[in-house]
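Visitor: Respectively, the protein sequence lines represent chains A and B.
So the first sequence is numbered by the UniProt record's numbering: it starts at 1 and just counts up by one.
So the second sequence is numbered by the UniProt record's numbering: it starts at 1 and just counts up by one.
FYI, nobody ran anything at the bench for these hints, they're computed from the structure.
Zero decoy hints are in this set.
Remember, identical chains collapse to one label, so a pair may be satisfied in a single copy or spanning two.
Quick list of in silico lysine to any residue cross-link-like pairs, SDA-like style, CA-CA up to 20 Å:
id : residue 1 : residue 2
1  : 255       : 104
2  : 198       : 317
3  : 353       : 297
4  : 25        : 41
In this text, all values refer to a predicted model and were calculated from it rather than measured experimentally.
Protein chains: 2
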Amino acid sequence: MQVLVLGAGQLARMMSLAGAPLGLKVKAYDVRSHTVVHPLTLENYQQDLAAGLIDCDVVTAEFEHIPQDILSQCQASGKFRPGAEAIRIGGDRRLEKQLLDSADVPNAKYQVVSTEADLHQAIASIGLPLVLKSALEGYDGKGQWRLKTTADAAQVWAEVSSFLQESSANQAIVAEAWIPFDREVSVIGARGKDGSVKVYPLTQNHHENGILSLSVALTDTEQLQQQATHAFEKLTKTLDYVGVLAIEFFDVDGKLLVNEIAPRVHNSGHWTQQGADVCQFENHLRAVCGLAIGNTQLVSAAAMVNVIGTDNIPNSIHQLDGVHLHWYDKDKRAGRKMGHINVCAEDKAELKKRLAALLKQLDEADFPGLHQAAQALL
Amino acid sequence: MQVLVLGAGQLARMMSLAGAPLGLKVKAYDVRSHTVVHPLTLENYQQDLAAGLIDCDVVTAEFEHIPQDILSQCQASGKFRPGAEAIRIGGDRRLEKQLLDSADVPNAKYQVVSTEADLHQAIASIGLPLVLKSALEGYDGKGQWRLKTTADAAQVWAEVSSFLQESSANQAIVAEAWIPFDREVSVIGARGKDGSVKVYPLTQNHHENGILSLSVALTDTEQLQQQATHAFEKLTKTLDYVGVLAIEFFDVDGKLLVNEIAPRVHNSGHWTQQGADVCQFENHLRAVCGLAIGNTQLVSAAAMVNVIGTDNIPNSIHQLDGVHLHWYDKDKRAGRKMGHINVCAEDKAELKKRLAALLKQLDEADFPGLHQAAQALL
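Looking at chain A on its own, in the form it has when it is part of the complex (with noise of 0.2 Å):
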C-alpha cells in the first residue's frame, strides 16, 4: 500500500522505516514547498497535492497545523485517516477544548477570551494563576503566557493582543487555569478502522524550556494508566477515530486531567521503537491501511532523550549497551529537533544505569537540566 503523510519531516521519515518491513510505502507531501518527496531520501516525486492523492490508498498526517484547504482537499478524497476534523481540533485549542468537555474528560477550566475585559472575567470565574495559550500554531511551548497576579492583567494582556494582532483573523486566546500538577505523563495509543483499541504504558515527560526533553515508559501505574486508557478510549471514540494518538495529562494527586491531544505519532512515544514489541510508528500506519494494531506492551524497560539544536552526540554513544540514535538529518538550528537517544533494559535499575552512562558521553550543555530530571524520574 501507498501512504501520502501531510508533513515531510522526522515523523514521516520514521514512519518511512517503519512501513517499509511491512511492504506499506510512504511518500510526504511538503506543505511549505507543495512537493511530495519521500520522507528518507527527500527525492521529489513532481507531483503536486491532487496527483498524490490519487497516487496513494491512505493519507494521514505528522503534524496538526494544516491550511484549512488542504484538509478540504484530503477529505475529498475519501482516504484522509484520521481525517480532516480530528486534524482541525488538534491544532486548534478550542476545538480541543469543547472535545475534552463533550467526551467528558477530564480537563483544565478553560474560557475564550478576545478582549481585556473577557480576561478579567476569566480570573474571575476560572481564578488564578491563569494560563493564556494562543488557539492555533502553538507547539513546543510556543504562544503562552503565565498570569499570576490581576495587578500584571494589563501587562500581559498588552503582550498577547500585539500578538493578536500580528496572527491570522482565525487565531484566539484560550485562558485556562494553571494545574498545580506533580507531573506530566503521556499516553499513545492506536485505534484501528474497526474501532479496537490498544494503548502503550504511559510515559512520563519532563519539558525543558517547553520542549520535551526526556521521557521514560512507566511501569507499576496501574491505577493512572486505567485512567489514561478510560481517557483515550472516550476520545477516539467521539471523534470515530483512526490511526495514533497522543494524549498529554497533568498528573495531580493521582488524577489525570488532559493537557492536550495530538492527532498522530507523538514525540513521547518514541521510546517504543526499541521498547515497544510494535512501535507507534508501524501501529498509526497498521491503523490508517486497515491492518490489525500491533502489541503496544514493552519487552523492555525505556526511556528516551531528545537531542535538541545540537549534533554534539560522540561515537562513544555507540559503544553503550541499550543505547540506539535515532539521526532525523536536518541542517541544525537552535532549538530544533535533530533526532532522540532510545535507551532499553531489561529492568529499571539497569536502565537508570544505562542513561547514566549515556549522560556522561554527552557534553552537559548541549542537554540542559537532563542530568536532574534523570534523576527526578528514574
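Take the given structure of chain A and dock chain B to it, following the hints.
Guide: Then chain B, alone, in the frame of chain A:
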C-alpha cells in the same frame, strides 16, 4: 556517512533501513544493470560505479558472486571493506577451503577435482560418500552433487563435466567428505577496524530443498558457542576482516565443522532485527564505517521463518504478538526469497507457542516442511 553496497537486493535494503537512524546513508550498485540506486526506493542516481565510488565514504557488499573487475575497481578506491580478497574467498570454494585450513579451523576433508581420474583419487583419499560442489556461483544448494557409491561415479562425473563445459573457464569442482551432522548451526559476528569482535548467539538452521527455511537463536550452548566464537576470531583475524561475517557449521556430536563462510550479513541472522540489541545490518554498517560494534546479546527468544516464492501472507499474522513481517517488495518468482517473518518472545516456551500460532495462519503448501522443522527445532 555515505555507504555504497555492491548488490541491490534485500540485504542492501535492510542495511539502508538499519543505517538511517544512525545517519548512515546507503546507496546500492546493481551489478547486473550497472546502476547506482537507492536500495529501498530504487531511485536511480544516474551514476556508474566510478561515480558511486567517488561519492561514498565506504563501499561494501551484500553478496560474494561479484566479477573480479568490479572487485578490483572497488579495492582501488581504498574504501572497500571487508575488501576484495574476503569477497573473492567467499565466492570461491577453493579459496574458502584453503583459508579454513590455513587458519586451522576444522572443516570437512576436500580435494579439488578436474578430471574423472581426480574424482577416483578423491574417493580413495577422502572416502565415500562425497559431496561435489562447484567452486564458483554455488548458492542455495545449486551446483552440488552427492556421490554415494563408486558405481555411481561415472554417472555423476558425466553430469559434473557437462556442468563444467557450460561454466566459465575459472569454474572448478571441490570434492568434500560428506559430513553425517546432527544439525546445522551458524554464527554471525562483527569485527571492527580496531580488531574488536562481537558475535551473536549461535543459530540453528533448517534448510528445505537447499534453501534456508527456519532459524532459531540458540541459548544454553556454551560449549558450542565457544567453538564458534573461536572459529570466528581465527578466520576474521587471518583476513584482517572488517564487517559482519557469517559461518555455517555442521554440528557433529558437539564438534563444529565449518561448512562455509559468507563475508556479509546473512539470512540466518535476520532474527537479530527483533531478537538482539543491535541487529546484524546495523552492526555491519557500524563496522565498515568505523563505529563501535553494538551489543550482540539477545533481548528476547527469537526465530525466523523465510518466505520463499510466495506472497500469500495473510493479514491475520499482524494480530499475533511478537510476530514481525519483513517484506522485500520483490516480484514473485518460484524459489525467490520474498521476505521473512521474525518471531520473538520472552522465553523459549512462549516462542514455541507464538511460532505455532504463526504457522496456523500460513498455508502449509507455501511453507513445505516448516511445521516439522518447527517441532524439531523448538
